[in-house]
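Asks: What follows is the residue order along each chain.
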Amino acid sequence: MLCLGQEDKSHFTSTVWAYDDVADDVTAVVRALDKAEVILEEFEYVVNLIADAEDFSILRKVHLHPPLNSYMQCHEGVHTGNMRDVLFTRDSKGRHRKKLFYGASAGDDIQSYTSHWSGWYVNYNSALVDKDNGLYASLRDRRIFDNPKLYITRTGNPF
Amino acid sequence: MFYDESTYASNNFFSLQYKDYDQNISAKLKLVLAVIQSPLLNYFVRTFACPRIGSTFIETKILHLLKFRAPSDILGATKAHLEKLVEKRLGMEAGAKAEAVEREIDQVVYGLYGLTDQEIKIVEGSGKRKVSHAEDSEQN
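Sequences listed follow chains A and B, in order.
Position one of the first sequence corresponds to residue 415 (the working numbering), numbered consecutively onward.
Position one of the second sequence corresponds to residue 416 (the working numbering), numbered consecutively onward.
Just so you know, not all the hints are guaranteed correct.
[Stated by the list, open to error] For lysine to aspartate or glutamate, the following EDC-like pairs were computed, each having C-alpha atoms within a straight-line distance of at most 20 Å: (1) Lys512/B to Asp523/A; (2) Lys443/B to Asp560/A; (3) Lys482/B to Glu490/A; (4) Lys475/A to Glu539/B; (5) Lys536/B to Asp546/A.
Bear in mind the hints are in silico, worked out from the structure with no lab data behind them.
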């Protein structure tokens with residue numbers, strides 16, 4: 415991998431170290447491809463020098479479809495700020511309580527396709543976030559949660 | 416990655432939904448789930464969006480995910496077949512049988528992209544040997 419951009423020099427250092435002994439071969443492969451197809455703005459001009467013509471053939475097929483960001487949106491879940499013990503609870507009593515996926519480390523059974531709630535609730539009440547007394551949290555737009563959605567774990571996917 | 420109706424979530428999770436909230440219906444989201452759950456997304460991120468080799472861990476980032484490209488609408492017999500498979504998978508617990516259904520789903524997804532058998536092998540990591548400096552050092 416060779417970073418041609420200016421913003422990610424850490425990649426540049428590590429990749430030169432990683433591929434020094436194969437650099438001649440892989441750069442020859444990249445030269446054989448159309449630069450405009452290999453060096454792409456959408457990837458911040460980062461080029462994977464191990465990717466070859468077969469990889470770029472697959473990328474061309476992916477490019478036949480619209481990018482997810484043209485019709486989908488992503489949001490983080492509830493950010494508890496300095497109010498975690500107030501907002502996240504196992505107590506179901508109260509009209510603002512909503513079932514919550516807290517995370518696998520908190521007991522939720524997180525799997526591909528479907529997951530199982532372990533009994534946590536969020537006290538979804540913006541009145542609790544008393545900024546005048548130094549409290550902060552971000553409950554997000556409730557439409558994110560009240561509508562069907564896909565959830566993606568931030569640290570559990572094998573990218 | 417999993418489908419959910421109305422459970423809230425901590426910031427250990429990202430939600431993925433249609434920008435138009437009216438389109439966030441179960442049937443449509445489940446098809447999106449099938450596509451992004453396939454090895455093709457993993458391959459895309461590791462090969463192009465955030466290049467890494469081997470088992471190097473990459474934290475899921477919204478930026479990487481949203482760069483992936485997927486059909487905005489799946490139609491006809493493919494849609495019906497995929498819906499049936501996803502519903503079947505959603506009704507199963509994790510295990511060998513569920514994995515077999517997931518592999519069936521993956522094959523349908525590859526078809527949406529027109530991948531050849533050789534390209535499928537590459538996406539699934541068995542089509543060619545990716546050079547690893549560490550592996551080379553061990554062999555030399």
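Asks: For each hint, tell me whether it holds in the structure or not.
Replies: We went through each hint and held it up to the structure:
1. With a C-alpha separation of about 18 Å, the suggested pairing of lysine 512/B with aspartate 523/A holds against the 20 Å cut-off.
2. Restraint check for lysine 443/B and aspartate 560/A: satisfied, since their Cα atoms lie roughly 16 Å apart, inside the 20 Å limit.
3. Note on lysine 482/B and glutamate 490/A: the hinted pairing holds, with a Cα-Cα distance of about 17 Å set against a maximum of 20 Å.
4. Under the criterion of a C-alpha separation no larger than 20 Å, the hint pairing lysine 475/A with glutamate 539/B is consistent with the structure, at around 16 Å.
5. Proposed proximity of lysine 536/B and aspartate 546/A is contradicted: the alpha carbons are some 58 Å apart, above 20 Å.
Hint check: a violation occurs at hint 5 only; the rest are consistent with the structure.
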